[in-house]
Amino acid sequence: MPIRLIIVDDHPIVRDGLRGILDMDDIEIVGEAADGPEALAVALRTNPDVVLLDLRMPKMSGAEVIRRLREQQPGVHVLVLTTFDDDADVLPAIEQGATGYLLKDTPRAELRRAVLAAARGETVLSPTVAGVLTRKAHEPEPRTLSPRELEVLRLIARGATNREVAGRLFITEATVKTHLLHVFAKLQVKDRAAAVAAAYELGLLDRRR
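So for the sequence shown, our numbering puts the first residue at 1; every next one is plus one.
FYI, nobody ran anything at the bench for these hints, they're computed from the structure.
What you are looking at is a predicted structure, and each value in this text was computed from that prediction instead of being measured.
The reader is advised that the hints may include incorrect statements.
[Stated by the list, open to error] Result set (SDA-like, lysine to any residue): computed pairs, CA atoms no more than 20 Å apart in a straight line:
no., residue 1, residue 2
1, LYS104, PRO92
2, LYS186, GLY167
3, LYS104, ILE13
4, LYS190, THR178
5, LYS177, ALA130
6, LYS59, GLY75
7, LYS104, ARG15
8, LYS186, THR175
9, LYS186, LEU155
10, LYS177, ARG192
11, LYS190, PHE170
12, LYS186, THR144
13, LYS190, THR144
14, LYS186, ARG168
15, LYS104, ASP87
16, LYS186, GLY203
17, LYS190, GLU151
18, LYS186, PHE170
19, LYS104, LEU22
20, LYS190, GLU149
21, LYS104, ILE21
22, LYS59, ALA88
Put together the whole structure using the sequences plus the hints.
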């Protein structure tokens, strides 16, 4: 059975070009759309295997189209084909469930192979997009504290002992120590004084409070 494909792009000439490239024995183009709402309607009517989707179109963002397609038809695979490869475009698309992300300078044969791979559920990424995701994966996690950890650290910063913190927050001293261990790990410090100093430096604690 040929793969059922929808082409979504707001430029008719682009859709025509993609149809010419992809309309083959093993790929059947079952619909086209020029914006997000039309894409959702066409997908619901035609039940495609793959949606080839531009990101920036009228009426609805590409990431929102992906999210709604995945909710509407969980089995559909979305292959992004766009000219944009910065973090603001790549990350939301991948987070919303895009199977692949290619740029419009992708060679014809590679695009055909990508559609076939996407239909099998395989991840397909252009080299620049793969670089964006690799860089993101190696970025350090933001050092944030939970509301309770902040409460504990705020009292510690005011000079309270573990026992006093436990009494004020109606928790045990053991729980206070556990919270402090989590704080030390998140802030990459070894003691209470360093934790307080790091929290002030990162803006997690307000010196006026």
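We went through each hint and held it up to the structure:
no. : hint            : in the structure
1   : LYS104 - PRO92  : 18 Å, holds
2   : LYS186 - GLY167 : 24 Å, violated
3   : LYS104 - ILE13  : 13 Å, holds
4   : LYS190 - THR178 : 14 Å, holds
5   : LYS177 - ALA130 : 42 Å, violated
6   : LYS59 - GLY75   : 24 Å, violated
7   : LYS104 - ARG15  : 12 Å, holds
8   : LYS186 - THR175 : 17 Å, holds
9   : LYS186 - LEU155 : 18 Å, holds
10  : LYS177 - ARG192 : 11 Å, holds
11  : LYS190 - PHE170 : 25 Å, violated
12  : LYS186 - THR144 : 7 Å, holds
13  : LYS190 - THR144 : 17 Å, holds
14  : LYS186 - ARG168 : 24 Å, violated
15  : LYS104 - ASP87  : 17 Å, holds
16  : LYS186 - GLY203 : 14 Å, holds
17  : LYS190 - GLU151 : 19 Å, holds
18  : LYS186 - PHE170 : 24 Å, violated
19  : LYS104 - LEU22  : 14 Å, holds
20  : LYS190 - GLU149 : 16 Å, holds
21  : LYS104 - ILE21  : 13 Å, holds
22  : LYS59 - ALA88   : 18 Å, holds
In the structure shown, a violation is registered for the earlier hints numbered 2, 5, 6, 11, 14 and 18, in ascending order.
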